[in-house]
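Asker: Could you use the hints to bring the two separately framed chains together as a complex?
Protein chains in written order, with our numbering: chain A, 823 to 1100; chain B, 10 to 315.
Don't read these hints as lab results, they were simulated from the structure. Note that CB positions come from ideal geometry on N, CA and C, so glycine has one too.
In silico DSS-like pairs for lysine-lysine, Cα to Cα no more than 27 Å straight-line: (1) A/K835 x B/K130; (2) B/K90 x B/K266; (3) B/K279 x A/K893; (4) B/K279 x B/K266.
Taking beta-carbon pairs under 10 Å as the criterion, some of the chain A residues facing chain B (in silico): (5) A844; (6) R926; (7) F1010; (8) I1055.
Partial list, derived from the structure: chain A residues whose beta carbon lies under 10 Å from chain B: (9) L871; (10) F955; (11) I1031.
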Amino acid sequence: MKQGRTAKGSDFKRYPGFVQLAVLCLLILYAPLIVVAIYSFNASTSITLWGGFSFRWYYDVFFGPEADVLKEAAWNSIVIAITAATVATAFATSAAMGMLRAGRFRGQRVSFALISLPLMVPEIVTAVATLIFFNSIGFDRGLMTIVVAHTVFCIPFAYLPIAARLEGISGIYEQAALDLYATKWEAFRLVLFPLMAPGILSGFLLAFIISLDDFIITNFVKGAGVETLPTAIYGAIRTGIEPNILAVSTLLLFVSILLVTLSWLIGRMGSNDKPLTE
Amino acid sequence: MAGGAASGGASVSSAYASVRGWLLGPSWVTIVIFMLLPVLLMAVYSFLTKEFRGGVIWDFSLAAYDQFFFDRGLFGDEPPKIQWTYIIIYLRSMAQAAGATILCLVIGFPTAYFIATRPEKTRTIWLFLVTIPYWVNLLIRTVSMRFLIRDSGPINEWLIGIGLIDDPIRMINTNFAVQIGLFYSYLPFMVLPIYAAVERYNFALSEAAADLYADRWVTLRYVLLPSVAPGIAAGCILVFVPSLGAFLAPDLLGGAKNFMIGSLVEEQFKGAAGNWPFGAACAMVLLSMVLVAVFFYARAQGRAEG
Chain A
823 MKQGRTAKGS DFKRYPGFVQ LAVLCLLILY APLIVVAIYS FNASTSITLW
873 GGFSFRWYYD VFFGPEADVL KEAAWNSIVI AITAATVATA FATSAAMGML
923 RAGRFRGQRV SFALISLPLM VPEIVTAVAT LIFFNSIGFD RGLMTIVVAH
973 TVFCIPFAYL PIAARLEGIS GIYEQAALDL YATKWEAFRL VLFPLMAPGI
1023 LSGFLLAFII SLDDFIITNF VKGAGVETLP TAIYGAIRTG IEPNILAVST
1073 LLLFVSILLV TLSWLIGRMG SNDKPLTE
Chain B
10 MAGGAASGGA SVSSAYASVR GWLLGPSWVT IVIFMLLPVL LMAVYSFLTK
60 EFRGGVIWDF SLAAYDQFFF DRGLFGDEPP KIQWTYIIIY LRSMAQAAGA
110 TILCLVIGFP TAYFIATRPE KTRTIWLFLV TIPYWVNLLI RTVSMRFLIR
160 DSGPINEWLI GIGLIDDPIR MINTNFAVQI GLFYSYLPFM VLPIYAAVER
210 YNFALSEAAA DLYADRWVTL RYVLLPSVAP GIAAGCILVF VPSLGAFLAP
260 DLLGGAKNFM IGSLVEEQFK GAAGNWPFGA ACAMVLLSMV LVAVFFYARA
310 QGRAEG
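Bound-form chain B, shown alone (with noise of 0.2 Å):
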């Protein structure tokens, strides 16, 4: 036993080796149990038939998918049409997951490029300071911003109170509150891998492109994006992918005229007047498009990495 230790190196992190089914077991059960079993079952929910009192019938029926991309009239019979009902709220829902990544973009890049040329002891700050609202509670703070955007809120309050405006500005239960609610919501996961990205980044090229008297726009188009490109596309999946799914910033702040898909997929789950098969089917084409959009990431990344 001790004569095999000589080898030293490559055998160091190999100790538990013969214990390694028991170490990872737990973990392995526990999610494939509980997380990746509810999703294949959610997918087999999605091909059964409603029941009214919510719940499934155990008969194969493609009537959730029907229902979601079809129109057939009141009572079925006419000749199917496109039901643009749910497939525009689809594509709203992308569209505001696409706007929140550019905001984040336009103010997070920025932000994390300057946190990552601070010196170490302000980055440090500063780095806690965008790191603390990622860990507070969502709740609470699509709530904050609700108070803060209401129309007897803060911001209208002290507008009228300047004298700026006479009647408060309606911001709330408008798709423009959704907008920036998911903004604010996921900013943090926009700053975070960029500036990770940038902090890797070998500064000496910036300086060689300043040599060579290329200005900084240029040196930022051609040398400094090109070079953490992979940290800004890690930040635009972490804004959209939930972005897309979000039921708070909607749900608080849009009511009920801005429909997203996280509204949609609840509303069938709860009540008399849910549709479980539905609501499977509706989550089933969330994460089929969130499936996408990791693979083209995925895709990208590999390519990066050559």
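Extracted from the complex, chain A is given alone in its bound form (with noise of 0.2 Å):
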């Protein structure tokens, strides 16, 4: 029992069967999306019987009976993304310099809750209330409820890598740059835009990769005949899945794992430059 105290080195830190544990959790993550890719591959009609790897089913996406439902819905995906996600890393760009920049103020805390607050509001509730506000006020439903529903819970998730870039760069700079009579503007955008760069991109991926994600909030503002990628894919599969919903999968967690490595891999660059902290 008391083996603790003979062992060598870093023992003490090790626990049986936390490996194994560990190799588990990413089994189960994985294992899903890897089945899912393979069987989207697969040549044979039956969807789980194994007839030889073939891309039909990726012809199929892109010229089969559904591939202009398809096409408009991925295009709706990408036009809400850009426009949600643009707006908002625009939003969280200023919002950190307001939080992080102009010094402690009353309410800082407040102002904060509020900023994370659509990611403390269950996604449903936020659903059903942006559909009752929209209702309320008479507007239409359709694309642009959905990018205004999606830039709001888009802000956090932009904002915080923004603030996490911001809160590990200096004072210095920017107060060097008003020194020498920059305008506080020149000061920004010279000075410390280039400087929160790989934040701010890392930020825009994020708050992209979520909105293209998103299917309850969208479910329920988009209007009739709106359709994104999630919910085509939601309308295709209640009827059951067919091999083409699975190449449509694939695809989009291609492009899902793509936009995070890329963020990460932006992110890791930035955080290298010790001396911006200082």
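Answerer: Next up, the structure:
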């Protein structure tokens, strides 16, 4: 029992079984995704019987009978995600400056709570509330309502990496610029902005993914006839999972992974320049 | 102007103090108008009268909450009895969310600890691998799970293929499937905050405990766990809250019989059978439960900080 004393090095840190559980954790997280990705290349029409490797379902996604619906949904998704993420990133950058470069102020905690409010309210509640709001002001549901709803919940996702980045940048840089008679705008644009850029880009990409992925809120505030990729996929699987849905899912999966990797690499790229933190 | 800057230090972070309102304004206004106001409006709607084709009539009414809690018979003239239908849905949702939280903790804690004790390079890779599913479309993850466990899905096909079973095991459309789905959906939410806590943990404490003849499980129980408790609490709240209001896992994995709060709320806003005030009331009850959970969490965290 008392082996802790005699063990060498960092053995007191080690717990038997933890490695296996960690591997199991990754297995649980990835197995369903990998299985779907594999089956999306299945040549067989029967969804679970393996009939050899083929791209036929990908061909079906782009040129099959549902291609037009899927293309329009994808286009909507991209337009919404770009608009919502751009506006949210601009607002979040500005808010990060207000929180971290404008001194301490009364209500700073309330302000932070307000910015992170969309993260705390359950999605289904936000969805219901937003639907009721647009309905009561007589705003027709459609692309516009989706963009507005997405912008709101994208703000905190963009804010967090931007604020984390800005926190690591010493105040001496903009102070030096201001001392040399730069205006506040010039000090931001020419000095702070380039330093913050990795955080801003990383925030934008995360907001973009979050918007691209959203289903519940979109499902409530979209008008009839307007579909995004997730709502189109949801609509399609109500009647059963078809192989082409596996292909679309795999494509969307790939886009998400690509964007997260990009965001992560950009975030790391910046954090290696230690001098910024004095 | 230039002279004032000589004070350095404290003044550096307040260069933009004079335009603070303009900087924070856009985010504040957006969130207040399109988030806070709608939630308040939803609270108002829960006290209105329903319109039959969806929507409301602006007449004050407690009908939505009455329908939630009381059963007054088919014609509404019997003495009120407790209406268990909806309460049971909420209790079941709480049980499912609690189950998901426990499962996530059992797998998530060892994983987070394991990752935090890796050398720098391997740690980054592990962390990255756990983070990716966090950002992958929840709908697609749930669909994947549905594909995997359905009657003619890969798991059953393989089990039959290797001769372990003759008939497919029924997993889809059961409570078990919902439980697994919630666990699978929110597992990364448990790992990441616990990782952050263990990473800040001072391992000299564990070493000291080992030097004083504590075996590693005693150390875990009395030294490590109390130190990383705030991270564990954060992970639990991050899993519990979205699980409670989850829509996709019960909808795609649970089928019609395994209703959870999310499906109940959604149903009230779809089509002619909808009842907006009742849906708003259901969402209000959910929101209140979440606020209570967050309140206790915040109080516990506040106490931990001293």
